[in-house]
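Take a look at the letters that make up each chain.
There are 4 protein chains.
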Amino acid sequence: MSDIQHIIDFITDFRNQRNWAQFHNPKDLALALSIEAAELNELYLWKKDKEIDAIDREKISDELADILVYAFFLAEKYGFDVKNIIMKKMEKNARKYPVDKSKNLATKYTDL
Amino acid sequence: MSDIQHIIDFITDFRNQRNWAQFHNPKDLALALSIEAAELNELYLWKKDKEIDAIDREKISDELADILVYAFFLAEKYGFDVKNIIMKKMEKNARKYPVDKSKNLATKYTDL
Amino acid sequence: MSDIQHIIDFITDFRNQRNWAQFHNPKDLALALSIEAAELNELYLWKKDKEIDAIDREKISDELADILVYAFFLAEKYGFDVKNIIMKKMEKNARKYPVDKSKNLATKYTDL
Amino acid sequence: MSDIQHIIDFITDFRNQRNWAQFHNPKDLALALSIEAAELNELYLWKKDKEIDAIDREKISDELADILVYAFFLAEKYGFDVKNIIMKKMEKNARKYPVDKSKNLATKYTDL
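Protein chains in written order, with this note's numbering: chain A, 1 to 112; chain B, 1 to 112; chain C, 1 to 112; chain D, 1 to 112.
Hints were generated in silico from the structure; no laboratory data involved.
Warning: the hint list may mix true and false statements.
Claimed, not checked - Heads up, simulated DSBU-like pairs for lysine-lysine below, C-alpha to C-alpha not over 35 Å straight-line: (1) K89/A to K103/A; (2) K103/D to K59/C; (3) K88/B to K47/D; (4) K77/B to K89/A; (5) K108/A to K48/D; (6) K77/B to K59/A; (7) K59/C to K48/C; (8) K101/A to K89/A; (9) K103/A to K59/D; (10) K96/B to K48/C.
Throw the hints in and build the complete structure from the sequences for me.
Quick look at the structure:
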């Protein structure tokens, strides 16, 4: 079994033990994910270089884990294969950002 | 090789072909992730039930893929093992949300 | 003096007493604003109708105030007149969303 | 009439002409606000100092205006007086961040 499927089985089991599927509609799952993304951002707020390097790694990993858990709940909700949807989007990204046009540039594709 | 490592190898290769690592400091990666999370939220904005079911699945998977890609870039940046950081956080969640106290409740642990 | 200018004077005074202008570059102000926006969202997470009506009004007003304060700090940073920038954007909105095309529809202008 | 009330009258009139109040429940208004906050953040993504100074001021003012409009819609929805809720929150901030303890520090009050 892939790591991803193992994680998804674990978190859906955790959810089901608490009967939380009743709250896990897609709109609220996406909202929860964005809230966790803001909590991750908050670790970096007002900080520069050295201060960023000094952030407790466990605080970063905890917030990143929260984001990943909601992302995996959404994949499970829609029956998405995580690796497939990423590869599909990366193909689109490769067309939007051809190497010769986008190398060394942070420009959004709409402005390339 | 795990699926997760395969994905990480693919996206770092994509990044390196374009020499984009120069932009991928953690603070901007976290910011990019939150921007994608907002784009996912936007698919659900103003919508209820049937309208939510009617959303094009590929729009959902594309935004979810974007979020996952930045999450994996952050894991790679910090040398985190994705499965381990999730399991570690889920242990903390199990302590914050014991089944007997949290079953059927959406209440945040600080208010349990 | 307008209410807006009175608020801006008050919050810049508060900032200056604490010598916080050193942290208030636009990128971090925008980041702070989005973090507060997520804290507001969190009050509604997992909730529907009656539960939403039951949210403590002071929690809503506190988070909304935090968002407004950062928005006013950004206006002050760029020397924007709050009323003017809103009226200018509303003119653009009127052109993007003519009444006859957008009445009763939540559709984004790109899909009208 | 205060500037704030004038703005609120204008935007509610714009909303009513399009019969959009039906979509403007608080949870979706807060969601819309956070999406606009992400669009503002996106103007700063990957950028540092000089690049940030070079951002078109009208792009900044348009996104900031969008955020403010949703913030004012929320204030109108709850019958909040914008100036009062800000002053009330600033009083709480003054207690959380006494000048002698917080001067020159970006530390969150929970860690002061």
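Query - Restraint status (C-alpha distance of K77/B to K89/A at most 35 Å) - result: At roughly 21 Å apart (the allowed maximum being 35 Å), K89/A and K77/B satisfy the hint.
Query raised in the report: Holds or violated: K77/B with K59/A, Cα cutoff 35 Å?
Result: Within the cut-off at roughly 15 Å; holds.
Query raised in the report: Are the Cα positions of K96/B and K48/C separated by 35 Å at most?
Result: Given that 35 Å is the threshold and the Cα spacing comes to 24 Å, the pair holds.
**Report entry** Straight-line alpha-carbon gap K103/A to K59/D, limit 35 Å
**Finding:** Holds. K103/A to K59/D sits at ~25 Å (cutoff 35 Å).
Requested in this report: Mind checking the alpha carbons of K88/B and K47/D for me, to see if they're no more than 35 Å apart?
Outcome: Between K88/B and K47/D the Cα gap is close to 33 Å, so the pair holds against 35 Å.
Report task. Verify the proposed pairing of K59/C with K48/C, using a straight-line Cα cut of 35 Å. Result -> Holds, because 17 Å separates the two Cα atoms, which is no more than 35 Å.
Query raised in the report: Is K89/A within 35 Å of K103/A, Cα to Cα?
Result: holds (19 Å)
Query raised in the report: Given the hint that K108/A pairs with K48/D, does the C-alpha gap stay at or below 35 Å?
Result: holds (16 Å)
Report task. Verify the proposed pairing of K101/A with K89/A, using a straight-line Cα cut of 35 Å. Result -> Holds. K101/A to K89/A sits at ~19 Å (cutoff 35 Å).
Query raised in the report: Is the Cα-Cα distance between K103/D and K59/C 35 Å or less?
Result: Cα-Cα ~26 Å, so holds.
Of the hints listed earlier, there is not a single one the structure fails to meet.
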